[in-house]
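Could you slot chain G onto chain B? The hints should help.
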Amino acid sequence: GESVGLHLPTLSVQEGDNSIINCAYSNSASDYFIWYKQESGKGPQFIIDIRSNMDKRQGQRVTVLLNKTVKHLSLQIAATQPGDSAVYFCAEQYNQGGKLIFGQGTELSVKP
Amino acid sequence: NAGVTQTPKFQVLKTGQSMTLQCAQDMNHNSMYWYRQDPGMGLRLIYYSASEGTTDKGEVPNGYNVSRLNKREFSLRLESAAPSQTSVYFCASRWSGGETQYFGPGTRLLVL
Numbered sequence: 464g465e466s467v468g469l470h471l472p473t474l475s476v477q478e479g480d481n482s483i484i485n486c487a488y489s490n491s492a493s494d495y496f497i498w499y500k501q502e503s504g505k506g507p508q509f510i511i512d513i514r515s516n517m518d519k520r521q522g523q524r525v526t527v528l529l530n531k532t533v534k535h536l537s538l539q540i541a542a543t544q545p546g547d548s549a550v551y552f553c554a555e556q557y558n559q560g561g562k563l564i565f566g567q568g569t570e571l572s573v574k575p
Numbered sequence: 012n013a014g015v016t017q018t019p020k021f022q023v024l025k026t027g028q029s030m031t032l033q034c035a036q037d038m039n040h041n042s043m044y045w046y047r048q049d050p051g052m053g054l055r056l057i058y059y060s061a062s063e064g065t066t067d068k069g070e071v072p073n074g075y076n077v078s079r080l081n082k083r084e085f086s087l088r089l090e091s092a093a094p095s096q097t098s099v100y101f102c103a104s105r106w107s108g109g110e111t112q113y114f115g116p117g118t119r120l121l122v123l
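Chains B and G, in that order, are what the protein sequence lines are.
Under my numbering, the first residue of the first sequence carries the number 464, and numbering increases by one thereafter.
Under my numbering, the first residue of the second sequence carries the number 12, and numbering increases by one thereafter.
Looking at chain B on its own, in the form it has when it is part of the complex:
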């Protein structure tokens, strides 16, 4: 069945470094992808999204890259800060109605 998976379940980075969180998806028909940040005890918070007709999209300190050839999605966080420590989820959507398929999540730990 369809699945969205993450290559690295945990990632530890030094404050100020750039972080890269990776995600693989299996459904080539997926046309929308989204990254969420979830802090402990809270609900997922939208970070950035990208449609399948784009390869790259930038936000404030974050960039999402989409490689449809290898069905790979990545989230880049520039100048990582302690407040970026959280679990990051990618999700894909492949039909109308907004049903998202989530990956397991990657825990990002930022060392001061």
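Rather than coming from a laboratory, the hints here were simulated on the basis of the structure.
Just so you know, not all the hints are guaranteed correct.
[What the hints assert, rightly or not] In silico lysine-lysine, DSS-like type, Cα no more than 27 angstroms apart, as pairs:
| hint | chain 1 | residue 1 | chain 2 | residue 2 |
| --- | --- | --- | --- | --- |
| 1 | B | 519 | B | 562 |
| 2 | G | 20 | G | 68 |
| 3 | B | 562 | B | 505 |
| 4 | B | 562 | G | 20 |
| 5 | B | 562 | G | 68 |
| 6 | G | 68 | G | 82 |
| 7 | G | 25 | B | 534 |
| 8 | B | 534 | B | 562 |
| 9 | B | 562 | G | 82 |
| 10 | B | 505 | G | 82 |
| 11 | B | 574 | B | 505 |
| 12 | B | 531 | B | 519 |
| 13 | B | 505 | G | 20 |
| 14 | G | 25 | B | 505 |
[Unchecked claim] Just so you have them, the derived chain G footprint on chain B, three or more residues with Cβ under 8 angstroms:
| hint | segment |
| --- | --- |
| 15 | 505 to 511 |
| 16 | 565 to 574 |
Since we're looking at a predicted model, the values are computed, not measured.
We put the beta carbon where it would ideally sit given N, CA and C, even for glycine.
Chain G alone, transformed into the frame defined by chain B:
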């Protein structure tokens, strides 16, 4: 705007008890969703409501029922709780003209 709100924040049930989880959004969104989140796993869709008056099953609907009370409110009912339903439950909503789902803070449910 409060966004998406959920009640209660935390609940302990005995096996066989019933309860209803409440969700409300004040963003005038058409679509609403219920997910569960278990340790080490991403969010899984239980039920969703594409618009007021409609509900559909998601990935893991067994043991649950839902009611789209009006455009603002979408409730999730456990008729006879089981320990396997111990989880964190998240409600989300989405505007019909967009793709992004916005999440509530979650309800932590423990079934003994």
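Hints, verified against the model:
no., hint, in the structure
1, 519(B) to 562(B), "holds, 23 angstroms"
2, 20(G) to 68(G), "holds, 24 angstroms"
3, 562(B) to 505(B), "holds, 21 angstroms"
4, 562(B) to 20(G), "holds, 24 angstroms"
5, 562(B) to 68(G), "holds, 11 angstroms"
6, 68(G) to 82(G), "holds, 18 angstroms"
7, 25(G) to 534(B), "violated, 44 angstroms"
8, 534(B) to 562(B), "holds, 19 angstroms"
9, 562(B) to 82(G), "holds, 18 angstroms"
10, 505(B) to 82(G), "holds, 24 angstroms"
11, 574(B) to 505(B), "holds, 21 angstroms"
12, 531(B) to 519(B), "holds, 11 angstroms"
13, 505(B) to 20(G), "holds, 11 angstroms"
14, 25(G) to 505(B), "holds, 25 angstroms"
15, 505 to 511, "holds (count 5)"
16, 565 to 574, "holds (count 4)"
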